[in-house]
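J.: Chains H and B, in that order, give the protein sequences.
Per this note's numbering, the first sequence starts with residue 1, numbered consecutively.
Per this note's numbering, the second sequence starts with residue 1001, numbered consecutively.
Be careful, since some hints might not be right.
Claimed, not checked - Looking from chain H toward chain B, a few residues come up when the C-beta cut is under 10 Å (computed):
| id | residue |
| --- | --- |
| 1 | Q37 |
| 2 | P39 |
| 3 | R44 |
| 4 | L45 |
| 5 | E59 |
| 6 | V60 |
| 7 | P61 |
| 8 | N62 |
| 9 | G63 |
| 10 | Y64 |
| 11 | Y104 |
If you are wondering where the hints come from, they were derived from the structure by calculation, not from laboratory data.
Being a predicted model, the structure only gives us computed values, none of them experimental.
Built from N, CA and C at the ideal position, the CB exists for glycine as well.
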Amino acid sequence: NAGVTQTPKFQVLKTGQSMTLQCAQDMNHEYMSWYRQDPGMGLRLIHYSVGAGITDQGEVPNGYNVSRSTTEDFPLRLLSAAPSQTSVYFCASSTPRTGRREQYFGPGTRLTVT
Amino acid sequence: AQSVTQLDSQVPVFEEAPVELRCNYSSSVSVYLFWYVQYPNQGLQLLLKYLSGSTLVESINGFEAEFNKSQTSFHLRKPSVHISDTAEYFCAVTSMDSSYKLIFGSGTRLLVRP
């Protein structure tokens, strides 16, 4: 049981490039979310999904796209990277079925945009 | 909407001393409360949570937090800290009907000195 996995661990992009951050979970969780972590600001929600085919915007969605074609995967796409998107990105998953309510986080992707 | 305030960005403390990390929240609806810990260069791990019942909750490594509804607080305490407790601690809140959307505080860096 790997939990939540994220690839890559590190990435450097030039301004204007595009890329996809991968996230997968093997716990059959319905809910998946993407957060970004910036110094002094905690984690902020980018996009979330409550099930396959259903996504919605969080607090800071601009510049990011998501899709959820399967329960397991929730990729985050940067269409045209900007220096303001330099951050650490965390994917998380959870389920309403157990009543535990907590989210399980992946190890993160550190992205630098130059 | 919910918000979380962590009043201290950094708390230095000597080993074996007690510590309190403060967290206040605001919400117009009932919430669940969490403390997550992030060790250097790692992802987030759940430390403890309040869902319902006893307002005092404990973790396996000696931390405890008390939910105070009247003061809208969920402060984290430990009677005697270790060097290994050095980490960043995040308080987070979610409404009971949308547990896939965590709202985080800005974090408190606990620095334990020998």
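J.: All hints, please: hold or fail.
T.: Okay, the hints, checked on the actual structure:
1. For the restraint placing Q37(H) at the interface with chain B, the shortest Cβ-Cβ distance is roughly 8 Å, inside the 10 Å limit, so the hint holds.
2. Below 10 Å, beta-carbon pairs count as interface contacts, and P39(H) has one with chain B at about 9 Å; its hint therefore holds.
3. At its closest, the beta carbon of R44(H) sits 7 Å from a beta carbon of chain B; the interface hint therefore holds under the 10 Å criterion.
4. The beta carbon of L45(H) comes within 6 Å of a beta carbon in chain B, closer than 10 Å, and the hint placing it at the interface holds.
5. Checking E59(H) against chain B by beta carbon gives a least distance of about 8 Å; that is within 10 Å, so the hint holds.
6. Proximity of V60(H) to chain B is violated relative to the hint, the smallest CB-CB distance being about 12 Å (cut-off 10 Å).
7. Below 10 Å, beta-carbon pairs count as interface contacts, and P61(H) has none with chain B, the closest being about 13 Å; its hint is therefore violated.
8. A hinted interface residue such as N62(H) counts as satisfied when its beta carbon comes closer than 10 Å to some beta carbon of chain B; here the least separation is about 17 Å, so the hint is violated.
9. Checking G63(H) against chain B: minimum C-beta separation of about 19 Å lies over 10 Å; hint violated.
10. For the restraint placing Y64(H) at the interface with chain B, the shortest Cβ-Cβ distance is roughly 16 Å, beyond the 10 Å limit, so the hint is violated.
11. Because the closest C-beta pair between Y104(H) and chain B is about 8 Å apart, less than 10 Å, the hint holds.
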